[in-house]
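Line by line, the protein sequences are chains G and C. Be aware that the first sequence starts at 1043, since it is given in this note's numbering, and climbs by one per residue. Be aware that the second sequence starts at 8, since it is given in this note's numbering, and climbs by one per residue.
Any given hint could turn out to be false.
Said to hold, decoys possible - Simulated crosslink set (SDA-like; lysine to any residue; CA at most 25 Å straight-line):
#, chain 1, residue 1, chain 2, residue 2
1, G, 1112, G, 1056
2, G, 1078, C, 23
3, C, 64, G, 1070
4, G, 1078, C, 31
5, G, 1112, G, 1066
6, G, 1093, G, 1147
7, G, 1142, C, 79
Since the hints were derived computationally from the structure, they do not count as laboratory data.
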Amino acid sequence: GQQLNQSPQSMFIQEGEDVSMNCTSSSIFNTWLWYKQDPGEGPVLLIALYKAGELTSNGRLTAQFGITRKDSFLNISASIPSDVGIYFCAGPPYTGTASKLTFGTGTRLQVTL
Amino acid sequence: DAGITQSPRHKVTETGTPVTLRCHQTENHRYMYWYRQDPGHGLRLIHYSYGVKDTDKGEVSDGYSVSRSKTEDFLLTLESATSSQTSVYFCAIRPGTAGYTFGSGTRLTVV
C-alpha cells in the first residue's frame, strides 16, 4: 500500500530549540495533515494543508505543503516539554478516495530541560 | 470533547479466543474507521464504514471483521485472536473534510 516516510524517526532536543521534521511520499497527495499523539491518547489534528506551496501556522507550529505535492514539513519553534509526543503526517493520496487517510510512520520527539 | 469513546481501554486475551472492540460516537458522523498502531508502522487502516451496514476493507484487514448496525456504533471483531494482533487499536470518525478525530485507543494483548 501507499507509504509515507517520516524523518527523523526520533529526536532528542533541548527545551527552547527549534525542531524540523518532514514527510515524503512516492506519489502525489492533495491534502497534507499533521497530527500529534500524546502518550496513552489518540492522535490530535494540528494543521491541515490543502494547496501546493501553502504555509500554515498554529501557534509555534508551522507546516508547509511541498511544491512537488510529494512532501510536507513541520517546524516547531522554541520547543517546550509538552511538545513531547509522536508526530504523524497523513493524507489522502491523489488517486485515492478522500475518505481514507494514509499515515506516516511517525517522528517521536523528546525534549530535555 | 469529540464525542467518541472506545471500550474497553485495555484487554488481555488468550490466543484463539474471539474479541470484540467497541467504538461509540455521539455526533452522527457517517464515516468511522478502525486503525491499529504498531511500532515502526504508524497507523494502519483495518476497516472503515461509510454508513449503516456499509463497510470496506483497509490495508490490514485479514483476521478482522466489523459491523455497523447503528450510526453510533462500529464494532471490530477478532474472530480468533493471534499474538500478531497484539496492538493498540484506534477508532476514528470524520467530522468534516479536514481529517479524523480519534478515540483514546484500546490496548489489546494476546497471550
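To see whether the hints hold, each was checked on the structure:
1. Distance restraint check for residue 1112(G) and residue 1056(G): the Cα-Cα separation of roughly 30 Å exceeds the 25 Å cut-off, and the hinted pair is therefore not satisfied.
2. Using a Cα cut-off of 25 Å, the hinted pair residue 1078(G) and residue 23(C) is violated, with the two alpha carbons roughly 34 Å apart.
3. For a cut-off of 25 Å, the pair hint linking residue 64(C) to residue 1070(G) stands: about 22 Å separates their Cα positions.
4. For the hint pairing residue 1078(G) with residue 31(C), the CA-to-CA distance comes to about 22 Å; that is within 25 Å, so the pair holds.
5. With a CA separation close to 6 Å, the supplied pair residue 1112(G) and residue 1066(G) stays within the 25 Å bound.
6. A threshold of 25 Å between alpha carbons decides the hint, and for residue 1093(G) with residue 1147(G) the separation of about 23 Å falls inside it, so the pair holds.
7. This hinted pair checks out: residue 1142(G) and residue 79(C) have alpha carbons roughly 19 Å apart, not beyond 25 Å.
Hints 1 and 2, counting from the list given before, are not met by this structure.
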